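Enquirer: This is what each chain is made of:
2 protein chains.
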Amino acid sequence: MQEIIVIRLGERIIRDYRVNTHLGLVARALGCKELIFQGSEYKELRESVEKVNEHWGQGLKVRFSESIYGEAKKLKAKGFCIIHLTMYGKQITEKVKEIRKNKKICIILGGEKVPREYYELADYNISVANQPHSEIAALAIVLHEIFEGKELATKFKKGKIKIEPCEKGKKVVSK
Amino acid sequence: MQEIIVIRLGERIIRDYRVNTHLGLVARALGCKELIFQGSEYKELRESVEKVNEHWGQGLKVRFSESIYGEAKKLKAKGFCIIHLTMYGKQITEKVKEIRKNKKICIILGGEKVPREYYELADYNISVANQPHSEIAALAIVLHEIFEGKELATKFKKGKIKIEPCEKGKKVVSK
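As they're listed, the protein sequences go chains A and B.
Numbering of the first sequence is given in our numbering, commencing with residue 49 and proceeding in unit increments.
Numbering of the second sequence is given in our numbering, commencing with residue 49 and proceeding in unit increments.
It is worth saying that the hints were derived from the structure and are not from the lab.
The reader is advised that the hints may include incorrect statements.
[Unchecked claim] For lysine-lysine, the following DSS-like pairs were computed, each having C-alpha atoms within a straight-line distance of at most 27 Å:
(1) B:LYS216 / A:LYS149
(2) B:LYS216 / B:LYS145
(3) B:LYS203 / B:LYS99
(4) B:LYS124 / A:LYS138
(5) B:LYS223 / A:LYS161
(6) B:LYS121 / A:LYS219
(7) A:LYS145 / B:LYS143
(8) B:LYS109 / B:LYS205
(9) A:LYS208 / A:LYS219
As the structure is a computational prediction, the values presented were derived from the model and not from experiment.
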């Protein structure tokens with residue numbers, strides 16, 4: 049599977065706390081390696097993901113950066129293919145075959161006012177449906193397309209518990 | 049394409065306002081017909097979706113119901129296949145071929161404490177990755193799997209503007 053790092057633009061980390069928590073859950077559950085938020089360290093958000101890792105198995109690393117454009121440039125220099133998710137971009141289904149060939153991919157999640165430089169830095173400006181959207185859902189579908197569904201079978205190392213899928217009800221077992 | 053109605057359980061409509069707004073955007077952008085929230089009418093939430101419909105084209109209908117289990121039962125009686133999304137269920141990839149055969153599908157989005165009766169009512173209890181997840185992302189992936197990606201090309205009727213996808217930058221045109 050490809051190594052994927054997600055960069056989340058936007059300085060409203062606290063105001064967007066719930067959306068950011070969802071992004072952490074998605075990036076982890078769907079097999080990303082790292083999620084970098086813009087801004088200074090926000091302990092509660094990092095710890096919410098670490099707590100899930102501790103219980104459910106080692107997955108995502110979360111960190112914060114004051115120089116988020118610098119992070120994206122550094123990843124590009126290291127050979128990461130840069131995907132910028134924007135409702136104005138080309139459909140993921142049209143470009144995913146090319147994108148999938150890259151072993152290292154950085155996905156940038158924008159917002160309403162993304163500076164022009166990100167559109168330029170990106171190897172691909174990619175949309176999911178060219179409609180107003182949820183960045184949480186857009187990230188999920190793009191990951192699902194890149195990994196071709198294989199991410200749903202990710203094995204999480206360590207952790208204390210896991211689910212045994214069942215037709216009705218709930219079954220959680222210790223690892 | 050299948051007719052899909054989404055039911056959102058949970059009485060914290062205002063506290064979960066941002067998550068619910070995301071659910072509205074996803075259900076609309078990915079071609080659902082209706083989204084029913086549990087509880088009494090919350091005008092701001094309904095209007096936020098209607099505003100998107102007005103600008104970007106007719107899509108999702110939003111309504112609220114005080115008797116949400118009754119809504120699910122009514123849909124089942126009308127022949128809808130009931131899918132309950134839960135982290136404890138069977139993987140979507142394992143069941144999607146069967147699910148896809150149904151022309152009318154109701155997707156129930158739960159939360160932390162879903163009453164047992166929903167597990168029983170459901171034709172399928174379905175998970176996305178059997179890991180703690182975002183219900184926004186889980187809904188997106190399940191819709192994408194059921195529609196086989198065709199939902200990304202949905203044509204929205206009426207509306208005032210649309211996007212012309214481009215490699216770099218933004219292009220919005222009047223309809």
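Enquirer: A separate judgement is required for each hint: does it hold in the structure or not?
Expert: Hint by hint, here is what the structure shows:
Of the pairs offered as hints, the one joining LYS216 of chain B and LYS149 of chain A holds, with about 21 Å between alpha carbons and a cut-off of 27 Å not exceeded. Between LYS216 of chain B and LYS145 of chain B, the direct Cα distance comes to roughly 37 Å. Violation of the 27 Å bound is thereby established for this hinted pair. For the hint pairing LYS203 of chain B with LYS99 of chain B, the CA-to-CA distance comes to about 17 Å; that is within 27 Å, so the pair holds. With a C-alpha separation of about 38 Å, the suggested pairing of LYS124 of chain B with LYS138 of chain A is violated against the 27 Å cut-off.
As the CA atoms of LYS223 of chain B and LYS161 of chain A are separated by approximately 23 Å, the hinted pair is consistent with the 27 Å bound. Simply put, LYS121 of chain B and LYS219 of chain A have alpha-carbon atoms about 25 Å apart, close enough for the 27 Å limit, and the pair holds. Between the alpha carbons of LYS145 of chain A and LYS143 of chain B the distance comes to roughly 25 Å, so the proposed pair stays at or under 27 Å and holds. Taking the CA atoms of LYS109 of chain B and LYS205 of chain B, the gap is near 14 Å; set against the 27 Å cutoff, the hint holds.
Under the criterion of a C-alpha separation no larger than 27 Å, the hint pairing LYS208 of chain A with LYS219 of chain A is consistent with the structure, at around 14 Å.
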